[in-house]
Structure formats: C-alpha cells, structure tokens
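Q: Listed in order, the protein sequences are those of chains A and B.
For the first sequence, our numbering assigns the number 47 to the initial residue and increments by one for each residue that follows.
For the second sequence, our numbering assigns the number 495 to the initial residue and increments by one for each residue that follows.
Among the hints, erroneous ones may be present.
Taking CB as the label site, the calculated pair distances span [to be verified]: (1) B:584 to A:149: 17 to 27 Å; (2) B:582 to A:104: 34 to 44 Å; (3) B:505 to A:74: 24 to 34 Å; (4) B:594 to A:105: 17 to 27 Å; (5) A:82 to B:530: 41 to 51 Å; (6) A:104 to B:624: 34 to 44 Å; (7) B:695 to A:79: 34 to 44 Å; (8) B:611 to A:48: 25 to 35 Å; (9) A:81 to B:530: 29 to 39 Å; (10) B:611 to A:73: 35 to 45 Å; (11) B:594 to A:81: 29 to 39 Å.
The calculated lysine-lysine pairs, modelled on DSSO-like cross-linking and capped at a C-alpha distance of 30 Å, are [to be verified]: (12) A:50 to B:667; (13) A:50 to B:588; (14) A:50 to B:582; (15) A:79 to B:525; (16) B:498 to A:50; (17) A:79 to B:582; (18) B:667 to A:79; (19) B:689 to B:582; (20) B:498 to A:81; (21) A:79 to B:498; (22) A:79 to B:689; (23) B:525 to A:81; (24) A:128 to B:588.
Just some of the chain A residues that point at chain B, by a computed CB distance under 8 Å [claimed, not checked]: (25) 55; (26) 60; (27) 64; (28) 67; (29) 80; (30) 96; (31) 97; (32) 107; (33) 110; (34) 111; (35) 114; (36) 116; (37) 118; (38) 136; (39) 142.
What the hints contain is simulated information worked out from the structure, not anything from laboratory work.
By construction, the Cβ of each residue, glycine as well, lies at the ideal position given by its N, Cα and C atoms.
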Amino acid sequence: MSFKIFLPYLLVMAIVTYLIRAIPLVLVKHKIKNKFFNSFLYYIPYTVLAAMTIPAIFTATGNLISAIAGLAVAIVLAYQRKSLIVVAVGACAAVFIIEGIITLI
Amino acid sequence: MNFKQGIRDGIPIGLGYAAVSFAFGILAVDKDLTVSEAVLISLTNLTSAGQFAGLTIIAELGTLVEMALSQFIINLRYMLMAISLSQKVDDDFKGIWRWILGFAITDEIFAVAIQNPGKIKRNYFMGLTIIPIIGWTLGTLGGALLGNILPAIITNALGVALYGMFIAVVVPKARDDSHVFVAVCIAVAISVALKYIPVFADLSGGFAIIICTVVASLIAAVLFPVEVSEDEF
C-alpha cells in the first residue's frame with residue numbers, strides 16, 4: 047500500500063490508542079465511582095474479543111473444518127486455564143493437522 | 495521489584511507476543527501492506543485487537559472517523575487499566591514517566607504489574623515493558639518477511655493464533671463469571687447476525703465490532719451491574 051494512503055490511518059490508530067492509555071494514567075487521581083460506567087467497562091474486554099473472534103475465525107484458515115477444529119481446541123485449552131501461548135499454539139497445531147489430513151485424503 | 499525483575503517477568507509475555515504478532519505480520523502483508531508499514535503499526539500501537547481491527551479498516555479503505563471510533567471502543571479497556579495503575583504506582587512513577595510508560599499498558603503487562611504486592615516501581619514497570627515491545631515488533635517483522643514464502647498450510651495455521659490469544663482471555667473469565675458468559679454470547683450473536691443477515695451487508699468490519707461491543711456491554715451492564723474493584727482486570 048502506498049505510504050501516503052497508509053500514514054493517516056497509522057497516525058489516527060497510534061494516537062487514539064496512546065491517548066486512551068496515557069491520559070487516565072496522568073490525570074486520574076481518584077477512583078471512578080459511577081457503577082454503571084464501571085460495569086460497562088468491565089464487560090468490554092470480553093465482548094470485544096468475542097465479537098472479533100466469531101465469526102471471523104471461520105474464514106481465517108484454508109477451510110471451515112480446520113477453522114472449527116482450531117476454535118474447538120482453543121476453547122478447550124482456554125477452559126483448562128492454559129496460558130496464552132499454549133492456547134494460541136494449540137489452535138494453530140489443530141489447524142495444521144486437520145489441513146494436513148484433508149490434503150492427504 | 496527493580497528493573498532486572500521487570501525484565502524477567504516480561505520474558506514470557508514477550509515470547510507469547512512474538513508468536514501472535516508473527517501472525518499479524520503475515521496478515522498485514524496479505525492485505526497488501528509493506529513490511530515496514532506492518533512493523534510501524536506494531537511498534538506504535540502495541541495492541542492485538544486494535545491492530546487487527548485497524549488492519550481490516552485500512553484494507554477496506556475505511557474512513558478515519560471509523561478508525562478513530564473503533565480504536566477508541568476496542569481499546570477502552572486500557573482506560574480502566576490505566577486508572578487502576580494510577581492508584582497503585584510508586585512515588586517515582588509520575589510526571590513525564592506516566593506519559594512515557596502509559597504507552598505500554600497492555601492486557602498482559604497490566605495483569606503482571608498489578609499482581610505484584612505493594613506499589614509498582616517505575617524501573618520495574620519499565621523493565622517489564624521492554625521484552626514484550628521487542629517481541630511484538632520482531633514477531634511482526636518475521637511474519638511480514640516470511641508470510642509470502644511460507645507454504646499455505648503454515649500461514650493458514652498461524653491465521654488462528656490471534657484468535658487463540660483472544661479465546662485465552664475470554665474463556666477462563668466466562669467460566670468463572672456467568673454474567674460475562676452471557677455478555678459474550680450476546681456479543682457473538684450480534685456479530686454473527688451483522689455478518690450473515692443481508693440487510694447489514696454494507697456495514698464495515700470496524701463499525702460491526704463497535705456495535706457488537708457497545709450493545710452487548712450495555713445490555714450486560716444493565717442486567718448485571720458489577721461492583722468493580724479496578725484491580726480485577
């Protein structure tokens with residue numbers, strides 16, 4: 047992609063992301079008391095990551111079957127509280143194995 | 495809790511980041527970004543979900559407003575983490591240091607820092623951030639360079655690495671907290687609906703994520719308000 051088109055996106059991305067992190071750290075001196083706002087913030091990490099994962103993961107690999115296998119393995123490993131890297135690598139391995147089998151058949 | 499201890503605690507985070515950002519690098523080049531553009535994104539953003547969504551918006555040539563809004567919503571969680579950190583940092587962690595080190599607040603760095611007993615020292619936090627930043631940037635470089643060379647079966651497999659990381663965050667929490675489980679189900683239901691119901695076909699990826707996140711979180715906040723101790727994240 048041409049850097050001229052890319053640069054404005056990069057700047058907006060980086061500046062917004064940076065300010066969300068830095069400004070509260072610099073300015074906030076007291077705890078936020080608003081219960082509704084705190085509740086809203088509490089759910090955000092999980093809703094955003096879930097929405098980004100499904101259905102996008104179904105088209106992230108070579109075919110639907112390997113994607114489902116990757117998703118299933120990741121969920122099982124995560125349910126067992128495995129670490130970030132174990133879950134990520136396990137999902138990749140599942141996709142690799144299923145696609146290998148499909149190629150052989 | 496000095497600089498060295500920070501470096502040590504940062505190593506496992508950095509390794510995980512290298513693996514996941516490798517997948518980001520592959521995807522970025524696949525969406526026609528150059529290697530240096532992919533690396534620049536990782537170096538200046540240091541975040542998985544935001545970069546991933548941002549990449550979609552760049553590839554679709556979405557608007558800058560959409561970019562700003564999606565980054566704001568997706569990264570809103572850092573605001574809570576930053577607030578939480580601001581209550582727990584040591585006296586030497588102030589002024590310009592907050593402006594500098596605030597850059598490196600991520601889910602994992604925050605989680606490790608906040609678990610330490612006592613005040614968080616500036617030098618410890620600085621050490622903690624270094625390996626993850628290097629891992630995230632070099633992983634992206636590796637993926638961007640090798641993405642076109644590696645066979646499809648490898649790149650396909652790595653295509654789920656980012657999602658694996660997301661799942662590793664969501665599932666254990668949903669297991670412990672049934673309210674989070676419901677919120678996650680609502681988000682997924684909306685996400686699937688926006689993707690497959692023809693009326694929403696024109697909706698871009700960035701806005702779809704914003705809608706899912708805001709609607710599901712609002713519903714959950716109304717149905718299940720929580721007493722949030724900010725240390726929980």
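Q: Could you run down the list of hints and mark each one as holding or not?
A: Each hint tested on the structure:
1. The hinted range of 17 to 27 Å is not satisfied by residue 584 of chain B and residue 149 of chain A, whose Cβ atoms lie roughly 55 Å apart.
2. Remark: the range hint 34 to 44 Å for residue 582 of chain B to residue 104 of chain A is upheld by a beta-carbon distance near 40 Å.
3. A hinted range of 24 to 34 Å holds for the C-beta pair residue 505 of chain B and residue 74 of chain A, which are about 30 Å apart.
4. For residue 594 of chain B and residue 105 of chain A, the Cβ-Cβ distance of about 39 Å falls outside the hinted range of 17 to 27 Å, so the restraint is violated.
5. Checked against the given bound of 41 to 51 Å, the beta carbons of residue 82 of chain A and residue 530 of chain B, roughly 44 Å apart, stay inside it.
6. Residue 104 of chain A and residue 624 of chain B have their C-beta atoms about 37 Å apart, which keeps the hinted 34 to 44 Å range intact.
7. Remark: the range hint 34 to 44 Å for residue 695 of chain B to residue 79 of chain A is upheld by a beta-carbon distance near 42 Å.
8. Distance hint check: the CB atoms of residue 611 of chain B and residue 48 of chain A are about 51 Å apart, inconsistent with the given range 25 to 35 Å.
9. A C-beta distance of roughly 46 Å is found between residue 81 of chain A and residue 530 of chain B, which places it outside the suggested range of 29 to 39 Å.
10. Residue 611 of chain B and residue 73 of chain A have their C-beta atoms about 26 Å apart, which leaves the hinted 35 to 45 Å range violated.
11. Checked against the given bound of 29 to 39 Å, the beta carbons of residue 594 of chain B and residue 81 of chain A, roughly 33 Å apart, stay inside it.
12. At roughly 41 Å between alpha-carbon atoms, residue 50 of chain A and residue 667 of chain B are farther apart than 30 Å, so this suggested pair is violated.
13. Straight-line distance between C-alpha atoms of residue 50 of chain A and residue 588 of chain B comes to about 37 Å, which puts the hinted pair past the 30 Å bound.
14. For the given pair, residue 50 of chain A sits about 42 Å from residue 582 of chain B by alpha-carbon distance, which is inconsistent with the 30 Å threshold.
15. Note on residue 79 of chain A and residue 525 of chain B: the hinted pairing is violated, with a Cα-Cα distance of about 43 Å set against a maximum of 30 Å.
16. With a CA separation close to 41 Å, the supplied pair residue 498 of chain B and residue 50 of chain A exceeds the 30 Å bound.
17. For the proposed pair residue 79 of chain A and residue 582 of chain B, the alpha carbon gap of about 17 Å is at most 30 Å, so the pair holds.
18. Annotation: proposed proximity of residue 667 of chain B to residue 79 of chain A holds, straight-line Cα distance about 23 Å (limit 30 Å).
19. Pair hint residue 689 of chain B plus residue 582 of chain B does not hold up; C-alpha atoms about 41 Å apart against a cutoff of 30 Å.
20. For the given pair, residue 498 of chain B sits about 38 Å from residue 81 of chain A by alpha-carbon distance, which is inconsistent with the 30 Å threshold.
21. Proximity of residue 79 of chain A to residue 498 of chain B is assessed by CA-CA distance (about 36 Å); at most 30 Å being required, the pair is judged violated.
22. A distance of roughly 36 Å separates the Cα atoms of residue 79 of chain A and residue 689 of chain B; the hinted pair therefore is violated under the 30 Å criterion.
23. For the hint linking residue 525 of chain B to residue 81 of chain A, the alpha-carbon distance of about 41 Å lies beyond 30 Å, and the restraint is violated.
24. Pair hint residue 128 of chain A plus residue 588 of chain B does not hold up; C-alpha atoms about 35 Å apart against a cutoff of 30 Å.
25. At its closest, the beta carbon of residue 55 of chain A sits 5 Å from a beta carbon of chain B; the interface hint therefore holds under the 8 Å criterion.
26. A cut of 8 Å between beta carbons decides the hint on residue 60 of chain A: the least distance to chain B is about 4 Å, and the hint holds.
27. About 6 Å separates the beta-carbon of residue 64 of chain A from the nearest beta-carbon of chain B, less than 8 Å, and the hint is met.
28. The beta carbon of residue 67 of chain A is positioned within 8 Å of a beta carbon in chain B (closest approach about 5 Å), and the interface hint is therefore held.
29. For residue 80 of chain A, the suggested interface contact is broken, since its CB lies about 10 Å from the closest CB of chain B, more than 8 Å.
30. The interface hint given for residue 96 of chain A is met, as the beta carbon of that residue sits about 4 Å from the closest beta carbon of chain B, less than 8 Å.
31. With a cut of 8 Å, the hint placing residue 97 of chain A at the interface with chain B holds, because the nearest CB-to-CB distance is about 4 Å.
32. Checking residue 107 of chain A against chain B by beta carbon gives a least distance of about 4 Å; that is within 8 Å, so the hint holds.
33. Because the closest C-beta pair between residue 110 of chain A and chain B is about 12 Å apart, greater than 8 Å, the hint is violated.
34. Restraint check, residue 111 of chain A versus chain B: the minimum CB separation of about 12 Å is more than 8 Å; hint violated.
35. Interface restraint check for residue 114 of chain A: the shortest CB-CB distance to chain B comes to about 10 Å, outside 8 Å, so the restraint is violated.
36. Using the Cβ-Cβ criterion of 8 Å, the hint placing residue 116 of chain A at the interface with chain B is satisfied: the shortest such distance is roughly 4 Å.
37. Taken as an interface hint, residue 118 of chain A does not check out: its beta carbon lies about 10 Å from the nearest beta carbon of chain B, beyond 8 Å.
38. Using the Cβ-Cβ criterion of 8 Å, the hint placing residue 136 of chain A at the interface with chain B is satisfied: the shortest such distance is roughly 7 Å.
39. Given hint, residue 142 of chain A at the interface with chain B, holds; its Cβ is 4 Å from that chain's nearest Cβ, closer than 8 Å.
In the structure shown, a violation is registered for the earlier hints numbered 1, 4, 8, 9, 10, 12, 13, 14, 15, 16, 19, 20, 21, 22, 23, 24, 29, 33, 34, 35, 37, in ascending order.
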